[in-house]
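The primary structure of each chain is shown beneath.
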Amino acid sequence: MKARVTVMLKSGVLDPQGKAIGQALGRLGFENVGDVRQGKVIEIELAETDQNRARSKLSEMCEKLLANTVIENYAIELK
Amino acid sequence: MKAAVVVFPASNCDRDVATALTQANGSPPKMVWHQDASLPDDLDLIVLPGGFSYGDYLRCGAMAAHSPIMRDVIARAKEGTPILGICNGFQVLCETGLLPGVLMRNAHLKFVSRDVHMTVEGANTMFTARYKPGQRINIPVAHGDGNYFADKGTLDRLEGEGQVAFRYVEGENPNGAARNIAGIYNEKRTILGLMPHPERHADPLLGCTDGKAIFDSLVSALS
Chain A
547 MKARVTVMLK SGVLDPQGKA IGQALGRLGF ENVGDVRQGK VIEIELAETD
597 QNRARSKLSE MCEKLLANTV IENYAIELK
Chain B
1386 MKAAVVVFPA SNCDRDVATA LTQANGSPPK MVWHQDASLP DDLDLIVLPG
1436 GFSYGDYLRC GAMAAHSPIM RDVIARAKEG TPILGICNGF QVLCETGLLP
1486 GVLMRNAHLK FVSRDVHMTV EGANTMFTAR YKPGQRINIP VAHGDGNYFA
1536 DKGTLDRLEG EGQVAFRYVE GENPNGAARN IAGIYNEKRT ILGLMPHPER
1586 HADPLLGCTD GKAIFDSLVS ALS
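Line order of the protein sequences matches chains A and B.
Heads up: the first sequence begins at 547 in the numbering used here, then just goes up one per residue.
Heads up: the second sequence begins at 1386 in the numbering used here, then just goes up one per residue.
Heads up, some of the hints might be wrong.
Pairs of lysine-lysine, DSSO-like flavour, derived with a Cα cap of 30 Å [what the hints assert, rightly or not]: (1) K565/A - K1537/B; (2) K625/A - K548/A; (3) K1573/B - K1597/B; (4) K1495/B - K1573/B; (5) K1537/B - K1387/B; (6) K1597/B - K610/A; (7) K1573/B - K1537/B; (8) K610/A - K1573/B; (9) K565/A - K1517/B; (10) K586/A - K1517/B; (11) K603/A - K586/A; (12) K625/A - K556/A; (13) K1463/B - K1415/B; (14) K1537/B - K1495/B; (15) K586/A - K1495/B; (16) K1463/B - K603/A; (17) K556/A - K1537/B; (18) K610/A - K1517/B.
Keep in mind that the hints were calculated from the coordinates and are not lab data.
Working from the sequences, and respecting the hints, build out all of it.
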């Protein structure tokens, strides 16, 4: 099973990289660009067939290592 | 004082801090590799040095926080063994949860390497007894991720309980850190994490000795 974990800064936490990207898009002439946020995508292959078990393993991975939940949220997608 | 310095892959201030400890203490600290399973017995102090452990992969300090040696570091911390975390060491302490909050990317996105002035907020701890309360000291910073952040409740608690150890002087905050925080203690004040590098201002040859008092304070408290 393949999983995709997306880690994003929580809303309200300043994201200077997202801001810099937004400003660069403006400089390139792209109009109507609103708030830009940058995050991380982590793809993981799991030797697991049960979706629920996979999900709970992945949550544990996120809590322990993949995200710092003081400032980041995570979302898990299974394929 | 029996001290140990933990060396991670890409630590780069481990030998500097060992020199500062040796000068203050008269004998060198033990250097402990991150893959060792345990620390030497009867340690009085554990130091997590500055650097870029694991190339700052994922988040600064995140990989080092799960190094094999950290299990024993956390166990000793819970027994009350004092810990000093400098720069990357501070990031590792936050990632392990031994200190609250997190060190985010500098607000201006630039790596900053220069001297800054900060005030000694919580004097009379084992780390700061040789300073005067409120003393203004000059210590260099060198980091890309030193922007201290915690939720409002945590920040209020840190300030209320006297856990803010050092604060950048107003107007000299190099990274956007919340409430100008440069360093914090745990609740029992046995653990100190700070972004500036006291070991870089601990010898007259370096042009300034404002950081030396941290090592002298530790030696007199723990010997």
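Here is how each hint holds up against the structure:
| no. | hint | in the structure |
| --- | --- | --- |
| 1 | K565/A - K1537/B | 23 Å, holds |
| 2 | K625/A - K548/A | 5 Å, holds |
| 3 | K1573/B - K1597/B | 23 Å, holds |
| 4 | K1495/B - K1573/B | 34 Å, violated |
| 5 | K1537/B - K1387/B | 37 Å, violated |
| 6 | K1597/B - K610/A | 36 Å, violated |
| 7 | K1573/B - K1537/B | 21 Å, holds |
| 8 | K610/A - K1573/B | 25 Å, holds |
| 9 | K565/A - K1517/B | 41 Å, violated |
| 10 | K586/A - K1517/B | 44 Å, violated |
| 11 | K603/A - K586/A | 19 Å, holds |
| 12 | K625/A - K556/A | 25 Å, holds |
| 13 | K1463/B - K1415/B | 21 Å, holds |
| 14 | K1537/B - K1495/B | 25 Å, holds |
| 15 | K586/A - K1495/B | 20 Å, holds |
| 16 | K1463/B - K603/A | 28 Å, holds |
| 17 | K556/A - K1537/B | 15 Å, holds |
| 18 | K610/A - K1517/B | 40 Å, violated |
In summary, the numbered hints that this structure violates are 4, 5, 6, 9, 10, 18.
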